[in-house]
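Q: Make the full structure from the sequences, and use the hints.
Residue numbers (the UniProt record's numbering), protein chains in the order written: chain A, 1 to 286; chain B, 1 to 286; chain C, 1 to 286; chain D, 1 to 286.
Treat each hint with caution, since some may be false.
It does not matter which identical chain is used: a pair holds within one copy or between any two.
[Claimed, not checked] Keeping only pairs whose Cα atoms sit at most 30 Å apart, straight-line, the calculated DSS-like set for lysine-lysine is:
1. Lys-7 <-> Lys-61
2. Lys-138 <-> Lys-231
3. Lys-195 <-> Lys-21
4. Lys-231 <-> Lys-17
5. Lys-16 <-> Lys-253
6. Lys-155 <-> Lys-89
7. Lys-212 <-> Lys-195
Simulated from the structure, these hints should not be mistaken for lab results.
Number of protein chains: 4
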Amino acid sequence: YGKNTIKFLRLHREGKKHFVKEVEVCTHLRLTSAHEYLDGNNSLVIPTDTIKNIVLVLAKKNGIPTLEQFAIDICKHFMTTFCQVAYVKTYIQEVPWQRLHENGVPHIHSFICVPDGIRFCEVEQCRNGPLVVFAGIKDLKLMKTTQSGFEGFYKNEHTTLPERNDRILCGELFCKWSYGECRDFDFDYVWYMNKIRECILEAFAGPPDCGKYSASYQKTVNDIQMLVLSKVSQVQVIEAVLNNTFYNVVDMKNLGLTNDKEVLVPVETPYGSCACTLGRKKFLEG
Amino acid sequence: YGKNTIKFLRLHREGKKHFVKEVEVCTHLRLTSAHEYLDGNNSLVIPTDTIKNIVLVLAKKNGIPTLEQFAIDICKHFMTTFCQVAYVKTYIQEVPWQRLHENGVPHIHSFICVPDGIRFCEVEQCRNGPLVVFAGIKDLKLMKTTQSGFEGFYKNEHTTLPERNDRILCGELFCKWSYGECRDFDFDYVWYMNKIRECILEAFAGPPDCGKYSASYQKTVNDIQMLVLSKVSQVQVIEAVLNNTFYNVVDMKNLGLTNDKEVLVPVETPYGSCACTLGRKKFLEG
Amino acid sequence: YGKNTIKFLRLHREGKKHFVKEVEVCTHLRLTSAHEYLDGNNSLVIPTDTIKNIVLVLAKKNGIPTLEQFAIDICKHFMTTFCQVAYVKTYIQEVPWQRLHENGVPHIHSFICVPDGIRFCEVEQCRNGPLVVFAGIKDLKLMKTTQSGFEGFYKNEHTTLPERNDRILCGELFCKWSYGECRDFDFDYVWYMNKIRECILEAFAGPPDCGKYSASYQKTVNDIQMLVLSKVSQVQVIEAVLNNTFYNVVDMKNLGLTNDKEVLVPVETPYGSCACTLGRKKFLEG
Amino acid sequence: YGKNTIKFLRLHREGKKHFVKEVEVCTHLRLTSAHEYLDGNNSLVIPTDTIKNIVLVLAKKNGIPTLEQFAIDICKHFMTTFCQVAYVKTYIQEVPWQRLHENGVPHIHSFICVPDGIRFCEVEQCRNGPLVVFAGIKDLKLMKTTQSGFEGFYKNEHTTLPERNDRILCGELFCKWSYGECRDFDFDYVWYMNKIRECILEAFAGPPDCGKYSASYQKTVNDIQMLVLSKVSQVQVIEAVLNNTFYNVVDMKNLGLTNDKEVLVPVETPYGSCACTLGRKKFLEG
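A: The following block contains the structure:
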């Protein structure tokens, strides 16, 4: 049980300059016994209202240095304070506020919401077990208008899809990776120094002057994982999901026109999905 | 990988009387090899477009006798037709069309959408493994305006929640259960004869003339599971999740009024959540 | 300016039997001057927080006899209390809680949410003007699987739609009507005695044993309006909007099958829309 | 009646460099007669399917030089081609694809969706009347963490809001303006050269080093309108709506802490709303 979507804003001031971190926190617990389920005995139950208070108090006391560190703080607090907690998991996602700029000058206290990918993290711990830290990005919508095809696939009597070597590749990307054992580092430093987001975009798009051919959604997903694993040594395992929107070239023959992939219509449902988890030791599942 | 949200309507006619089944199907596959990920070799890949075609063809040929049977048909088809498939999972949910009635007379071809709980099922199979059939109901929003409290819970310096023995219990219920080995039966017969939906509502609400006291969300979740397990012998394990909306009694002292739980405001976020999985052999996890 | 989506539950008790009314209220005001916009002088501004308090206090004091009466109470309160208010409008919609029944017996305090059409009302008043009362129903999703066609329409070089005399008609209906001058009546009595909802469903579906042919969405919209106007004398003007979802018969020729309108796929975007306002004096606009 | 949400992508290529414009178009017509409503005579009805075809054909033939010009093309086409059309309105909004950059180098064919404000336009025309062109931006979420207050407002027995001179101002902005008679210009030139978006952000935020005090949401709305009108001579009338989210400073006294506006919780409903339309001739309505 737990409390979902605890939304709050943590405001930090350095002189007249303000810094904001708005987050949504979900914290779930499993207790060592189940009396509250079986006989309605609540004596060990930590109310979800108390869970909310603890999250807000920790935000007040510690601030939110990074999403990951704050999630670690929350998990540690529950494990050390309550001996009846057998397992704790905390998920945090960030509202993507960005500082406003006027003619290149950063504004001291004004912000705009720019949802081009949402950062999140997840930390979990069993009693007597290690803290496991995941981080990721979701809702990242990307498109390439060429350098994508799908050919040589398996065919039978139910196949109607034509082979194509120049289609639009458009999808929403979800990536989540674990940082393994190394838990005492600055997570934002890892994020920014290794340019994880840029790395994902580069693997998707290829070189700016020519792109890189994608033989399938699966191959592109794998390219993203391989590049992150090769560039970011702290990442142990990376999961990626690409939910792709198909674009149909509108057939305009009946309307007396030739449509050379100029007008295309998105097919939002059904949509394809392709997921893969890739680790360092050749561990692989579809 | 797979195809999500294949939406279609299956229309069945008996003379002038029409029967509709509108569903959303998600089918996911895992292949025995991963060449398409690693080296872009698509030769074993079944395109998601073909997956969609197969689902539609099966609907045309077999109809949708029950959601569960149709999901079984889909999984069996992939396992028997494609030797490169290592695992298949199919999720189906139904659009809740109900036949219109005029003065009690059923209409032969007119329907209204009544989303008071959505039926779904999920079937999965590994190569050489058994078919596993799940069924469930989701998005079931229920409320009781009394006979609910929460007392005697764990308290510490972060506790601000008062004890209460008369609060509103309101939540959205998700239930999912497995039917174990017994797979050759009429799933709609099990559903309707055992009155599974009525059973869930009864466990939530208690007797119509007095209700039943709920000591916690956890206890109510357990009551629902216990009643379904006791009344429906085919159910092996049942998972239930209650996402509850808290209702705050508005404090009207500053406005010169006494509010005897007459005006309450819903607190939609954060919301509490309570999940439990219960099986027949006393297997229990929070 | 105003306050949107003031959500609250009004609980009414008669002995052990409970009655609930959960609503969302939006109240907007226009003031007689605009100093707050031009020079930041707030002296006449009624804070939206005060608007919220007034709505809650009126709910506590008066209860919610009907949505329409409660909206009238709110508008009257603002007009008589604040001389700086030039115009007030209140919109209310109801959360569709229905009493639970067990084996036909109504439960005294348990409810289920059944969103098969949402009732709403809107009341507006200018200073020195009359109260104008609107009521309506929205989000009503209906389908008929035959007795619908579209033929004889205008054709030119951009026409690709074939003529059809047996298609599926499926749409979401919005109806809103005004009650004109007659404002001192029991609005729920009008609603239930005249069976407005049943009337709309009947005009859509036709007789239960054979239906009624719809020559176009436009004609069906007009049929609904005509029937309501003819059966409910209190309704002065009625607006109706039908947002229709088109169902495509899946072409299975390439898959070796003949699909006799058995498997159809909904086309959710683009969707057609057809709106009409009809009054008693042959006033008509599209 | 009409067709809503015609979604398509218009791809334009200059050598290897690709340009994308993905839009959603809604086109509504009113015919000069109403036979289709009254007696089911469809002979003058232009099917919504034909409307869709026309929009796609115009996109293929003309491209989408600007949203506004494309909407004008559509309206003109319907007015000149169909003498039965009495009125036509076209609304277009753009999917906010932005070209990807790698280390500052623009990518030739890869894009990312960045929804920090959605551009839209609306063009309408009555037979024998002028084309009226509106443009705007919506879903622009902004926040300032200080330099906002609300004091000196009207108080009575229902007032519980305290006066405040340092609160968070956060809201979603909608702006829509008309370009009046001047219709033969390059709308994107007006947009970019006059920096309309930057102008709105500047009026909201104030100077980057100190901000600008907002005495109320109303005053901020007016500031935005005044600045746009003063800087962009082509704008005749501007409407602005600010839907604000209130942030509550969490009271931590019971938890033994002093919260100096460091931890705040958003109140998403009810939310306040403030709308104003401002023209050049001191025309003003709330």
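Q: Please work out whether the CA atoms of Lys-16 and Lys-253 approach to 30 Å or closer within one copy, between two copies, in both situations, or in neither?
A: Between. Shortest inter-copy distance 26 Å satisfies the 30 Å Cα cut-off; intra-copy 63 Å does not.
Q: Pop the pair Lys-231 and Lys-17 into one bin, within, between, both or neither, using alpha-carbon distances up to 30 Å.
A: This pair counts as between: shortest inter-copy Cα distance 29 Å, intra-copy 34 Å.
Q: Check Lys-7 against Lys-61 for me: Cα-Cα at most 30 Å, and say if that holds within a copy, between copies, both or neither.
A: For Lys-7 and Lys-61, the Cα distance is within 30 Å only inside one copy (17 Å; across copies 33 Å).
Q: Between Lys-138 and Lys-231, at a C-alpha cutoff of 30 Å, which is it: within one copy, between copies, both, or neither?
A: Within one copy only: 20 Å inside a chain, 39 Å across chains, cut-off 30 Å.
Q: Pop the pair Lys-212 and Lys-195 into one bin, within, between, both or neither, using alpha-carbon distances up to 30 Å.
A: Only inside one copy: Lys-212 and Lys-195 sit 20 Å apart there, 35 Å across copies, limit 30 Å.
Q: When no copy is specified for Lys-155 and Lys-89, does a C-alpha distance of 30 Å or less occur within a copy, between copies, both, or neither?
A: between (44 Å within a copy, 21 Å between copies)
Q: Given a CA cutoff of 30 Å, do Lys-195 and Lys-21 count as a within-copy pair, a between-copy pair, both, or neither?
A: both (20 Å within a copy, 29 Å between copies)
The structure is consistent with each of the numbered hints, conforming to all of them.
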